[in-house]
Each structure stands twice: as structure tokens, then as C-alpha cells.
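Listed in order, the protein sequences are those of chains A, B and C. Those letters in the first sequence? Residues 3 to 316, per the numbering used here, in order. Those letters in the second sequence? Residues 4 to 511, per the numbering used here, in order. Those letters in the third sequence? Residues 38 to 392, per the numbering used here, in order.
Read the hints as simulated data drawn from the structure, not as lab findings. For each residue, glycine too, the CB sits at the ideal point set by N, CA and C. Mixed in with the good hints there might be a few duds.
Unchecked claim - The following label-pair restraints were derived from C-beta to C-beta distances:
1) A:294 to B:321: 28 to 36 Å
2) B:331 to A:294: 53 to 61 Å
3) B:397 to C:358: 50 to 58 Å
4) C:52 to B:199: 52 to 60 Å
5) A:252 to B:329: 33 to 41 Å
6) B:261 to A:14: 51 to 59 Å
Claimed, not checked - Residues from chain A that face chain C, not an exhaustive set, calculated with beta carbons under 8 Å:
7) 107
8) 114
9) 118
10) 120
11) 122
Stated by the list, open to error - Heads up, simulated DSBU-like pairs for lysine-lysine below, C-alpha to C-alpha not over 35 Å straight-line:
12) A:248 to B:402
13) B:117 to B:280
14) B:272 to B:229
15) B:117 to A:250
For reference, the chains in residue letters:
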Amino acid sequence: MRTLAVIDAASISSLIAAIIELSVPMAFAALGEVISERGGVINLGTEGVMLVGAISAFSVGFFLHSDLLGVLLGAFAGALMGLLLAFVSVSLRQDQILSGLGIYFLGLGLSGFLYDQLFSNIGSTIRIEGLPKLSIPILSQIPILGGSLFSLDVIEYSAFAALVLVILVIGRTTFGLDLRAVGENPAAADTLGVSVTNIKYIAVIVGGALAGIGGAYLAISAHAFQAENITAGRGFIAVAMVYFGKWKPARAFFGTFLFGAAYLLGSFFQVVGAMIPYYFLLMVPYIMTLLILVVIARGARQPAALGVPYTREG
Amino acid sequence: MKGIVKRFPGGVIANDKVNFDLKAGEIHGLLGENGAGKSTLMNVLYGFYQPEDGAIEVFGRRVHFRSPADAIKAGIGMVHQHLRLVSDMTVTENVILGLKSPKGFLLDLPPAEKRVRELGERYGLPIDPDVEIWQLSIGEKQRVEILKSLYREARILILDEPTSVLAPNQIKGFFEALQNLKQGGIAVVLITHKLDEVMDITDRVTVLRGGRNIATQPTNTVDQKKLAQLMIGEDIPPMTEKARTLTTETVLQVTHLRVYDDRGLESVKNLNLNVRKGEILGLAGVSGNGQRELVETIVGLRKPASGSVKLNGIEISGKSPREIIDLAVAYVPENRVEDGCVPDFGIDENLILKDFDESPVCNMVAGHIPTLLNEGEIQARARTAIADFGIKTTGPTAKARSLSGGNLQRLVLARELGGEPRLIVISQPTRGLDVLATEYVRSLIVQQRNRGAAVLLVDEDLAETVAISDRLAVIYKGEIVGILEPNRYSPEDIGLMMTGVKRMTQEA
Amino acid sequence: MLGIKFTRKLEVSRRANLTVTLISYVASPLVVLAVLAAAGKSPAIALDALYRGSIGTLSGFGESIVQATSLMLLAVGLVIAFRARVWNIGAEGQQVFGAISVTWFTLLVLKEPWPGYVVIPIALLLSFIGGGIFAAVPALMRSRLGINEVITTIMMNYLAIDALNWLVRGPFQDRSIPGSYPESPVFPNQFSLPIILRYTDVTIGIVIAVVSCVLVYYLLFRTPLGYSIRAVGLNPSAARTSGISVNHVVDSAMILSGALAGLGGGVYILGIAHALLPEQASGIGYTAVVVSLLGNVHPLGVIFASIFFGALISGMSSVERALQIPETLSLLSQGVIIVIILIIQVFARYEIRRA
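Please construct the entire structure, taking both the sequences and the accompanying hints into account.
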């Protein structure tokens with residue numbers, strides 16, 4: 003048996019950095035989904051929204067050489083997808099599961115189609131630049147953790163900022179209050195003059211925008227775009243993490259990191275030279291999620307009005 | 004309110020050119036039976052419903068409320084029967100929901116909490132603003148609802164059957180709060196069907212019947228008898244001895260039953276009762292005293308913590324609904340639409356809900372194994388039921404959703420009573436039904452009892468319960484505090500027992 | 038919103054349903070053409086290719102039927118689940134697992150000289166059982182633990198795909214050929230489903246699919262189990278009160294659904310692929326959700342919807358070849374069609390009036 007490769011501070015550090023990079027897109031999408039679901043709307047099409055975000059960012063990054071503008075466009079495109087979902091599931095009261103899947107297909111097709119339309123004529127290497135890592139002074143000198151946790155790029159830092167923002171918005175703002183009410187007891191909110199429709203729309207659109215940012219970062223961190231493969235189900239996993247995190251933003255957020263870590267287990271073992279087949283290890287994060295779901299199944303209380311379209315009688 | 008007309012899909016005219024007026028600082032009772040149109044009228048005032056016709060003036064100004072938000076701005080508040088509270092949020096959060104925060108985007112809870120506490124104390128509705136709603140008792144939740152309106156400086160407060168969830172001794176405190184509100188210059192509309200409340204606390208009373216305003220009078224010019232006459236159009240006789248064969252065979256025996264509700268609170272404690280063959284045992288009590296949990300336990304939808312439920316000597320507590328149904332127990336639930344039928348199924352399909360995998364509805368192989376459904380049988384059963392029970396419908400395949408309340412109840416009864424059950428558990432049998440349907444249902448229940456079934460009747464309509472029951476059991480806080488037989492009790496006893504003031508020693 | 042009021046109709050007339058469905062059918066190819074026009078391609082060539090690829094030529098027609106076969110089996114399974122309000126998004130994983138089961142059996146008896154009419158039924162049965170077992174996991178997680186089946190079935194999909202990728206590079210890999218290809222050994226001839234339409238790939242798979250739809254129809258509308266499935270889907274509370282075991286029904290619906298998806302995977306691998314390949318995970322499980330919706334979640338409606346959609350897919354491949362555009366066009370059109378169908382369907386269910 004081969005000796006294990008040296009596991010030193012540097013490789014742990016790069017592992018942590020890799021986990022963060024891998025998980026950030028899911029984390030953004032999960033935050034967006036928390037907002038949407040607390041408002042009572044489940045978005046199964048998050049995967050499609052991320053794809054649209056990815057192609058937007060990639061296009062802008064390639065043609066305009068600005069990754070950050072790409073992220074902006076990604077957010078905007080994601081918001082548009084959210085708007086569509088809101089229209090179909092809130093205004094038209096179509097079933098949320100089916101509408102979400104519709105968004106998924108739409109996003110899948112749209113992103114792939116746009117990629118071909120825009121890039122099929124360009125023969126040479128189609129890559130975009132990534133974003134530079136910004137190190138926080140002093141903190142990044144901490145051994146092992148410092149090199150990775152405090153040397154992130156702008157979007158990665160934003161993810162943590164977004165988490166804090168989302169927690170504050172949900173718990174401490176009037177919008178957050180309205181949102182929670184709409185997701186639990188829309189009749190209560192409606193009676194008091196809260197526009198249930200407006201709140202749901204905003205929630206879904208914001209959710210879409212966040213998922214779009216997540217997708218944008220996928221393209222940026224991968225430096226490339228490939229329809230279907232670039233997200234590899236991470237949008238669905240983000241939705242799963244919301245359930246997993248019991249609709250609390252921080253738990254869902256870090257749930258995605260846990261998932262990312264499990265996912266990289268495969269690469270880790272490959273690097274280290276152990277003889278476990280790669281694809282076999284890829285199953286680990288999914289099995290892990292299922293097992294944890296079983297364990298925490300008791301006491302999971304979802305927003306009472308999740309998945310139910312609201313109609314005022316009379 | 005002048006000439007208000009409100010129609011609902013399905014052809015129901017809930018309000019038929021109703022006039023209603025309210026003076027400042029008065030408590031105005033809005034009286035009527037179930038379905039008379041009281042809640043509807045007030046929901047129109049509150050902006051929840053839009054009337055087809057009619058005009059509303061508030062403080063002299065013509066208004067048109069498109070939603071409750073408009074009504075709230077005009078100073079109207081309403082406390083519904085089904086409380087509109089968000090369980091996971093605190094009292095304060097529920098109260099300030101929908102209001103602009105002084106800090107703009109951010110919530111400003113401390114001053115709001117303070118104000119909620121102050122308002123509560125001022126009007127005799129004390130509440131802790133920091134508590135989350137799910138932790139509160141129903142009486143406290145009601146206080147929160149009222150505070151919601153007071154916080155918004157309502158001058159008109161509409162209360163829809165507020166005492167239906169209160170125990171009799173809580174009602175006194177509640178009325179005191181109403182007096183406080185009145186002194187504060189707030190006009191109160193009290194929707195109720197309880198005559199004694201109207202007499203106790205209101206200044207004026209309006210009686211609605213069949214969607215029409217029958218009369219509006221100052222309370223001191225009428226008495227209960229007159230009001231009852233106006234409400235129903237006829238008098239209610241007291242409980243009489245029914246002609247029946249006295250048996251001593253006990254069909255249902257409940258002993259020392261203890262049941263927990265969904266919140267983990269003990270809602271049935273040490274409950275003992277029995278129902279004999281050929282008798283109707285009426286269960287009287289303010290809703291929320293354990294009736295629901297008791298009924299669910301008997302029919303198998305809930306498992307008791309301890310105690311026993313025996314059917315003809317067989318222990319049935321803990322058995323599944325299927326097993327209990329197989330022992331010839333019928334159950335007519337209080338929520339006909341949610342629990343009693345499948346609205347999108349036809350009448351024919353609804354009728355086979357309990358025995359669709361048994362002969363003769365289903366063809367069997369080797370006597371045991373169900374194969375295909377027998378369409379002929381199913382249709383025949385549907386036709387028979389429609390004829391026998393007088394279900395007004397377009398045909399056996401008409402969807403249950405298209406049936407009116409009365410006809411839907413006939414459908415449920417047709418299904419439940421079809422198999423000659425030995426125990427019938429019925430909850431709120433005539434809720435929301437018109438007079439004809441109510442008569443019919445009552446006669447059916449009596450018929451079954453004459454046939455020899457044991458009937459457990461759980462009913463909020465005390466007059467009805469008293470009218471048809473052979474014996475009356477009063478439930479209070481999860482225990483049976485008294486069993487009354489005709490001509491052996493005084494009318495005050497019921498009220499006192501329902502309040503928990505008086506108890507009788509019971510025999511099992 | 039916008040001064041429009043939605044009221045749920047008391048009775049959704051069959052006519053309304055059919056009208057809406059027909060409009061969906063007609064709208065779909067129009068959507069494809071619109072998308073193409075937007076991309077600046079000639080509609081005339083597109084329309085011609087669409088026609089020839091779907092029903093105009095023998096090979097096109099054959100391809101349509103082939104697509105329809107897999108879709109039909111998966112979609113009719115979904116009908117069972119959806120009628121019970123069990124959201125089985127895991128048809129993809131279940132069909133992959135069905136194919137894996139078949140492969141396992143094939144490799145087991147590779148050297149045996151057993152004839153086709155023996156091995157094929159066994160293989161198909163195994164795919165049926167395999168799909169059912171795969172669906173049992175999310176089924177039990179829902180009925181015993183109350184875990185949302187949408188999430189679990191999606192997880193299982195990825196699990197199946199990874200298992201597939203691992204198996205074709207590992208234990209099931211074909212070692213007899215030089216080089217390292219992610220595929221299993223090619224199945225021997227007796228493992229192929231007989232072809233029923235000469236010069237095409239149409240096998241008895243389509244017959245199996247149609248028969249399955251008819252059987253599911255009888256199951257849902259003529260048997261007690263089907264009755265209980267529909268009752269639970271429409272009003273679980275009333276069903277429970279009437280003695281129906283909701284858990285049992287949910288489990289059954291989910292497992293049957295998975296079994297049919299597994300069968301679909303088996304039919305595909307025995308009829309078309311003839312080996313276990315990574316392409317087995319084609320995403321068809323998700324498309325089947327849309328097809329079942331297009332078929333009004335009715336087993337007979339699914340027959341038409343699958344054939345239609347199969348023709349659409351086949352036609353679009355032909356358009357792609359004719360116009361030299363990549364296959365993402367199909368994906369885009371599918372996406373747009375689905376959203377439009379979802380929007381149109383609302384009109385059948387609700388009365389829309391000015392507020």
C-alpha cells in the first residue's frame with residue numbers, strides 16, 4: 003500500500019479553501035431558499051436559477067472581462083426567474099412543486115442554449131478569469147485556518163455577510179416579520195393589511211437573486227461553463243439543506259458547508275492515495291444527508307403555510 | 004350599514020338587504036342561529052368580504068372597504084372565531100404585524116411591548132408581551148386579538164362568538180373587560196347565539212334570521228323568550244322523558260381515561276362515562292374541555308395515555324380506526340368537509356369510504372381477497388342512499404363538493420348509518436344546517452336510538468342536546484362532572500357544572 | 038393582484054380539461070418554432086425537419102416511439118404517486134437502479150445458454166423489483182418519519198447516478214476490450230427485446246408500456262387499492278378517519294411508482310442500450326414528471342402525452358441536425374413548453390373574473 007501523502011498544514015489549508023469555494027454557491031442558494039420558504043413558497047427550480055446565474059456571469063465575464071458585473075447580472079437574471087416562479091405559483095396558484103420543476107427545465111434549457119448561441123463560434127479556450135483572493139492582514143497569518151479562512155475572494159466574504167444580513171432581515175425587520183407571518187398564517191397577515199401576494203413575490207424574487215449569485219460564483223470559481231454539469235444538482239441540494247437546517251438561515255448555510263466537505267472527501271482520498279473508487283465516495287454526501295435527515299426528523303416544523311397557495315375567501 | 008346584500012358561490016344569500024347601525028359606546032348584540040348571517044355581515048363591515056349591494060357609513064362618512072386594512076384604518080377591529088395569530092411569534096410581534104415601524108425598516112420592539120402591556124392593564128386584559136403565542140391558553144390568545152385592535156386605536160370592535168372558547172367563570176372577567184372598553188368610548192358588536200349573554204351585557208340587540216334583519220331593540224325591552232322566538236320563530240321545549248325501552252346493557256364504557264392533546268397537555272383526565280343500548284347520551288360542555296380528544300380516542304384516531312374504552316366488553320382503546328369501524332362503530336365528525344368526506348369524489352365513491360375493499364362493494368376471490376370494485380353495487384347503493392336520505396343532487400356521480408351543507412350531512416349519515424352500527428359517535432350534527440335539515444338530522448338520530456343503537460352526541464347547541472338526549476353528561480376540564488337525567492335536575496345545574504362549580508358523584 | 042379574482046371552480050368539467058390539454062399540444066410545436074425564429078433560423082426548414090423527425094419518416098417515427106416508451110412507463114408510475122399526493126421526483130434514480138438490476142442479472146448469467154423468452158421476463162421483473170426497492174427508502178422515510186419525499190427522492194437520484202458511474206468503471210466494467218471505457222459488457226443477443234417494427238428500434242417495449250398504462254388505469258379506478266390511493270391523495274384526513282391506513286397507501290403508491298420507473302429503465306437497457314452506460318442517466322425521470330402533467334395525471338392520458346412528447350423530442354433532434362444547432366434547443370423548448378402548460382392549465386381549474 004502506498005504511503006499516505008504528507009498531510010500538513012498546507013494541504014489542510016487548501017482543503018478548507020476548497021470546501022469554502024465549493025460550498026459558497028450552495029450557501030447563497032440555500033439562503034435564498036430559506037427566505038422563499040419562510041414566506042411559504044418552495045422553489046424546486048433553484049437548480050435552474052443557478053444555471054441561469056452561471057451563464058450570465060460567464061458571458062459577462064468573458065465578453066466584458068468583469069467578473070463582478072457578471073455576478074450582478076447573475077443576480078438580476080436569478081431575480082427574473084424568481085419573478086416567473088412567483089407569477090406561476092403565487093398569482094396563478096399553480097402547484098409549487100410543478101412550477102419549480104418548470105423553472106428547473108427552463109433554466110437548464112435557457113442556459114445551455116445561450117451558451118451555444120454565444121460561444122459556439124469561439125474556437126479557442128473559453129475561460130474566464132477568477133477573482134483574486136483578498137487576505138485580511140494579521141488574521142490570515144493564523145496557522146492552518148488563517149491561510150484559508152481569511153484569504154477569500156470578495157464573493158466568498160459576501161456569502162458570510164449575506165448570512166448575517168439574512169438573519170437580521172428575518173428576525174429584526176418589518177419585512178421579516180411580515181415574511182414569517184405570511185409563511186405561517188397568511189390569513190393573519192392578510193387581515194392586518196399585509197399584502198400576502200407582495201411579500202411572497204419579494205421573497206421568491208430575492209431567493210432567486212441569491213441563487214443567481216450562487217450560480218454566478220460557480221462559473222467564476224470553475225472559470226468555465228458547462229450546462230448540466232456545472233451545478234451537478236447543487237441547486238436541489240441547497241433546497242435539501244433548508245429542510246435539513248430546519249428553515250433557520252445559519253443552519254442551512256453551514257449545512258451546505260458540511261455537504262461540501264463530504265463531497266470533497268472523494269478528492270481528498272484520491273490525493274492521499276487511498277484505494278477507494280472516486281465515484282463511490284461521491285455517494286457519501288448524499289448518504290450522509292439522508293442519514294442526518296433521519297436523525298433529526300423528529301421535531302422538524304416547517305412553515306405552516308409552505309406549499310399552499312393563499313386565497314382569500316369571498 | 005344599509006341594504007347589505009352578500010351572496011356566496013353555490014347560490015347562498017347570506018345577507019339579504021340587511022340594515023344595521025351602531026352607536027358610540029354601546030354594546031350591541033348581533034343574535035342569530037348558526038348560519039343566520041351574523042359573521043358574514045360583520046365580515047362585510049370589516050372589509051373581508053365585498054357586498055354585492057348596499058352602503059356603509061362610518062362616523063358619518065360613506066366608506067368602501069376593499070380589504071381589512073381599509074377597515075382597520077377607519078378604526079374598526081374584529082376578533083374572529085378562528086383566531087388569526089401566528090403561533091411562532093411573540094404577542095408583541097403579532098400585535099404590531101402590518102404596522103409601520105418608527106424605525107423605518109427595523110423593528111422597534113421595546114416601546115411596542117410597553118404599550119401592549121399598558122393597554123392590557125388598562126382594559127383588564129393582562130398579557131405578557133414576550134410570550135410566544137403557542138404557549139398561551141385560548142382565553143389569553145383572545146386577549147391578544149383584542150389588543151391588536153386596541154393598539155390600532157379601534158373605535159369599533161367586532162367580536163365573533165368570543166365566549167365560545169371561554170369557560171363560564173372566565174366569561175365574567177371577559178364581560179368586565181367589555182365594560183371597560185365601553186367606558187373608553189369604544190362601540191362593541193357582540194356576535195353570539197347565546198341568549199343569556201345578550202341579556203347580561205348588551206345595550207341593544209339585533210336579531211338575524213335567514214340572512215334578514217328581523218328586529219333591532221334595546222335589550223331592556225325584550226326577554227329571553229322573546230328573543231328566542233325572534234331567532235327561531237318558535238319556542239324550545241325543555242328536556243322530556245322519551246318513550247323508550249329501558250335497557251341496562253352498556254355498549255360503550257369509558258373508565259379512568261387519560262388523553263393528551265397535540266400540545267402535550269392533559270385534556271382528558273380520569274373520565275368515566277357509559278352509553279347504553281338504545282339511548283342517546285348528550286355530552287354538554289364548553290368547547291375545548293376535552294370533547295374532541297375524547298371523541299378521537301373512542302374512534303381510534305388518538306391513543307390514550309391510560310384508562311380503558313370498552314365496546315360491549317371488548318377493549319378498543321389503542322385500536323386503529325379500521326378495527327373500530329369493523330366493530331360496527333359509526334362516526335359523524337364535526338368537520339364534514341375536512342374529515343367526513345372526500346369533496347372531489349362523487350356521492351357513490353364517498354359512500355364506500357369505509358368498506359370499499361369488502362364484499363359486496365368489492366368482488367372477492369376465495370372469500371378474502373379483494374379484486375375489482377363492483378360498479379353495479381356501488382351505483383345501486385348510491386341510488387338507494389339518495390332516495391332514502393333525501394339527498395338533493397343531480398345524480399349518484401355528482402361530486403360531494405357540489406352538495407350544500409345539509410345534503411352533505413345527509414351523505415355522511417347515509418354512509419355511517421347504513422350498516423346498522425351499534426355505537427354512533429356524532430359531533431356537532433346540525434352545525435351550519437338550515438331548519439329543515441336540522442329537523443331531519445335530529446329525527447334520524449332519534450330513529451337510530453329507537454332501533455337500539457347507542458349514541459354519543461357531542462353538541463355545542465345546548466338546546467338541541469337537551470331536546471334529544473336521554474341522559475346528559477357534563478364535561479369540564481376533561482372530566483365528567485355530572486350525569487343528569489330528565490326531571491331529576493334543575494336547569495341551573497347544567498350551567499354550574501359546565502363552569503366546574505358543581506359536581507355530582509358519578510357511578511361508572 | 039391586478040384586480041383579477043380567482044375562484045376555484047366547483048366542478049372541473051372534463052371538457053375544460055381536454056380543451057386545455059389540446060391547446061397545450063398545439064402550443065408546443067409553435068413554441069419550438071418561435072424559439073427557432075428567435076434564434077434566427079428558418080421556420081420552413083425547421084417545420085419540415087420537425088415533421089420528418091417525428092412522424093414523417095419511418096426512422097423518425099421509430100425514434101418517437103422509442104422515446105415514448107421510456108416516457109410512458111416512467112410517467113404512468115408517476116401518475117400513481119401523484120394521485121396519492123406523493124411527490125416522487127426520483128423516477129430518474131429509480132429507472133437507473135432498474136437498469137443496474139438488469140445488468141447485475143445479465144452479468145450473473147452471461148455464460149448461460151438460456152433462451153430469450155426465459156431471461157427477458159426475469160430481467161424485466163428484476164428491473165421492476167429493483168425500482169420498487171429503490172423507491173422504498175424514501176417511501177418509508179416519509180411514512181414512518183414524515184420526511185419530505187421531494188428531498189429524499191432527489192438525493193436518491195444523485196446516489197443512483199454516482200452508483201452507476203462507479204459500477205461502469207468498477208465491478209461492472211467491461212474488461213474484455215482494450216482501453217478503459219465506462220461501460221458494461223454488451224449484453225448477449227438473447228437479452229435484446231424483440232423488434233416489432235422493421236428497420237427501426239421499436240421493440241415490444243412499447244407494447245409493455247401501453248399495457249402497463251391500461252393496467253394502471255384499472256388499478257386506479259377499479260381496484261380497492263387504487264381507490265384508497267385516490268382517496269388519500271384527495272383528502273388524507275377523511276381517509277384516515279374512515280379507517281384507511283394512510284401510511285400503507287403512501288408506501289404502496291411510492292413503491293409501485295418506483296417499480297414502474299425501474300421497469301422503464303429495464304426496457305430501455307434491454308431494448309436500446311444493450312449495456313449499462315453512463316447515458317442511462319439521461320434526465321428522463323424529470324421529463325416524465327412533465328409528461329404525466331401533460332397527460333392530466335391520468336393513465337390513459339399519459340399514453341397520448343408520451344407519444345406526443347416522444348414525437349416532439351425526436352422531431353427536435355431532427356431539427357437540430359438539419360439546422361446544425363446543438364441539442365440544447367430541445368432542452369430550451371422543453372422548458373418553455375412546460376411553463377406554458379403550467380400556465381394554461383390554470384384556466385381549466387379556476388374561474389377568472391374581474392374583482
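For each hint, the structure was consulted:
{"no.": "1", "hint": "A:294 to B:321: 28 to 36 Å", "in the structure": "holds, 33 Å"}
{"no.": "2", "hint": "B:331 to A:294: 53 to 61 Å", "in the structure": "violated, 46 Å"}
{"no.": "3", "hint": "B:397 to C:358: 50 to 58 Å", "in the structure": "holds, 55 Å"}
{"no.": "4", "hint": "C:52 to B:199: 52 to 60 Å", "in the structure": "holds, 54 Å"}
{"no.": "5", "hint": "A:252 to B:329: 33 to 41 Å", "in the structure": "violated, 50 Å"}
{"no.": "6", "hint": "B:261 to A:14: 51 to 59 Å", "in the structure": "holds, 57 Å"}
{"no.": "7", "hint": "107", "in the structure": "holds, 4 Å"}
{"no.": "8", "hint": "114", "in the structure": "holds, 3 Å"}
{"no.": "9", "hint": "118", "in the structure": "holds, 5 Å"}
{"no.": "10", "hint": "120", "in the structure": "violated, 11 Å"}
{"no.": "11", "hint": "122", "in the structure": "holds, 7 Å"}
{"no.": "12", "hint": "A:248 to B:402", "in the structure": "violated, 39 Å"}
{"no.": "13", "hint": "B:117 to B:280", "in the structure": "violated, 59 Å"}
{"no.": "14", "hint": "B:272 to B:229", "in the structure": "violated, 40 Å"}
{"no.": "15", "hint": "B:117 to A:250", "in the structure": "holds, 29 Å"}
Violation of the numbered hints given earlier is confined to hints 2, 5, 10, 12, 13 and 14; the remaining hints are satisfied by the structure.
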